[in-house]
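So the chains spell out like this:
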Amino acid sequence: MRSLRCDVAVIGSGPGGLAAAIAAKEHGAECVYIIERAEELGGILQQCIHNGFGLEVLGADLTGPAYAQHFINRSYDIGVEPLLDTMVLDVTPQKRIYATSSQNGIVEIEAEAIVLGMGCRERTRGALAVPGTRPAGVYTAGTAQRLVNIEGYMPGRRFVILGSGDIGMIMARRLTFEGATVERVLEIMPYLSGLRRNYVQCLQDFGIPLQLSHTVCEIKGDRRVEAVVSTAVDDQWQPIPGSEQLIPCDTLLLSVGLIPENELSRQAGVEIDPVTGGPVVDQGMGTSLPGFFAAGNVVHVYDLVDWVTTAGEIAGHSAAEYALGRAKPVTHRLRTVAGDNVRYAVPQWLDPEALSLGTQRLQLRVSHPMEHKVRVVIEADGEPIWHRTEGYVRPGEMVTAKLPPNLYDRLRAAQVLRVSVREPQ
Amino acid sequence: MREREPRADHTDKVSLICVTCPVGCPLEVTVDGSQVVTVEGHGCKRGPAYAQDEITDPRRVVTTTVRVCGGLHPLLPVHTAEPYPKHMIFAVLQELRGLTVTAPACVDQVILKDALRTGIDVLASRDMPEKR
Chain A
761 MRSLRCDVAV IGSGPGGLAA AIAAKEHGAE CVYIIERAEE LGGILQQCIH
811 NGFGLEVLGA DLTGPAYAQH FINRSYDIGV EPLLDTMVLD VTPQKRIYAT
861 SSQNGIVEIE AEAIVLGMGC RERTRGALAV PGTRPAGVYT AGTAQRLVNI
911 EGYMPGRRFV ILGSGDIGMI MARRLTFEGA TVERVLEIMP YLSGLRRNYV
961 QCLQDFGIPL QLSHTVCEIK GDRRVEAVVS TAVDDQWQPI PGSEQLIPCD
1011 TLLLSVGLIP ENELSRQAGV EIDPVTGGPV VDQGMGTSLP GFFAAGNVVH
1061 VYDLVDWVTT AGEIAGHSAA EYALGRAKPV THRLRTVAGD NVRYAVPQWL
1111 DPEALSLGTQ RLQLRVSHPM EHKVRVVIEA DGEPIWHRTE GYVRPGEMVT
1161 AKLPPNLYDR LRAAQVLRVS VREPQ
Chain B
36 MREREPRADH TDKVSLICVT CPVGCPLEVT VDGSQVVTVE GHGCKRGPAY
86 AQDEITDPRR VVTTTVRVCG GLHPLLPVHT AEPYPKHMIF AVLQELRGLT
136 VTAPACVDQV ILKDALRTGI DVLASRDMPE KR
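If you're matching them up, the sequences are chains A and B in order. Mapped onto the numbering used here, the consecutive letters of the first sequence carry residue numbers 761 to 1185. Mapped onto the numbering used here, the consecutive letters of the second sequence carry residue numbers 36 to 167.
Careful, some of the hints might be misleading.
[As the list claims (entries may be wrong)] Derived pair list, reagent style DSSO-like, types lysine-lysine, alpha-carbon separation capped at 30 Å:
hint: 1; chain 1: B; residue 1: K121; chain 2: B; residue 2: K148
hint: 2; chain 1: B; residue 1: K80; chain 2: B; residue 2: K121
hint: 3; chain 1: A; residue 1: K1133; chain 2: B; residue 2: K48
hint: 4; chain 1: B; residue 1: K166; chain 2: A; residue 2: K1162
hint: 5; chain 1: B; residue 1: K48; chain 2: B; residue 2: K80
hint: 6; chain 1: B; residue 1: K80; chain 2: A; residue 2: K1133
hint: 7; chain 1: B; residue 1: K148; chain 2: B; residue 2: K166
hint: 8; chain 1: B; residue 1: K48; chain 2: B; residue 2: K166
Since the hints were made in silico from the structure, they are not lab data.
All chains, full assembly: derive it from the sequences and hints.
Next comes the structure, spelled out in structure tokens:
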């Protein structure tokens, strides 16, 4: 068995992992491995060939592969060592990684610090429990994206897309470009779940109908999908009898949400937040296990890649500090909790001492859209300490609260930070 | 073409969603023929500029793939260097469908110069190494 040692090992080379590996190097870690199961770096960005990446971090409107290329080049320039075609099988709490590759067989990597960067997975038909037969022709939108954009196969000719997530809408346009017909996009919620600009440039531009408060209640077909049955739903998401419509098609794409991928984190014993599906983290992206950090969509699913990069940089920086023995021991931490109309807030733990180093960000997702002015309010042990007015909030768009260093005195002895989104006063 | 709602003073009212950034501001635009008279609802100065372009000359960045010979993958992702005239999107896709690039290719390499005489090049979106 081949054995390797390093300061920082990063598992996954998507935008979070790449940013973490680069940041770890920049902050003094000497040996940084980035472990990737595919034959090249970049992760899912390589199949996201549309533009719209990089406006926040690079000040340029790039395609997914071009955004990845920027960070891949940077990682090579700074001396990050890639382990490609290498699949991590197990991670121990003692920070030993066991991986396998066709070239090297089983590889053992002993790391001073580990960054988890496994990204997320798509919800599948099984998670939705759509009734009907089980023919070929039901794909998640991301699988179809890989087939069309990387491998060069069309998974069908006549599509129905369930879910108005960004990947689903982007695939509606992509499939139209490649000559397929997209009959319609169905969304069970009464509002769009992806970005409105994707509705405009992916659906509206090509006359693809979107039906809100609709879902698929049956898949028909013997060997291959022959049709799906759509239905309107009421405000309890229950099908409304009599509203069913038969839509002939040969393929159903599912774009119904992403879940952080944490099989390895669980194996290692990292505490997982049941709401986000990702590790419970502190402001430095440190998890419940000493020396384990988490970067990007593995923590919670971001809406912009730019924020994944930013989160990865924080994780990589923290991992380098830990590996080099420079991390300060934590003496006190506040727990952040979700209040009114907040589904979750990240990080779940905040060390008030971090405020002495600079502004700290809390990111939150709301449960319900509010299409008017709202107040984002943060309370420490019941006392309001911070608020901001937002023009609107939507579940598909994360809200960021920046806590300034001058809050240090108010937070030093507090226990609980409650984050709420309320009607304006 | 978007629906126009005629108004008493011969102008039309058009509702747009700005696609310049992820916020997606709803824009209410008054149009006289092809001239934008007023824009409301924008959160920044890019909104009115988008409305003007969208009414007179709508454009989109076009992203697709072209065939690669001898590359790590069979396809190379490509994009137009600038937003491309919307009414020519399917024509440029057809043009690109007929192309084959030989690996290796380099990010931002010109794949199709002056695509359909628009003055806009189509560029490679990534490096494409040769198959090992």
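Of all the hints numbered above, which does this structure not satisfy? Sort the numbers upward. The structure conflicts with hints 4, 8, although it agrees with all the remaining ones.
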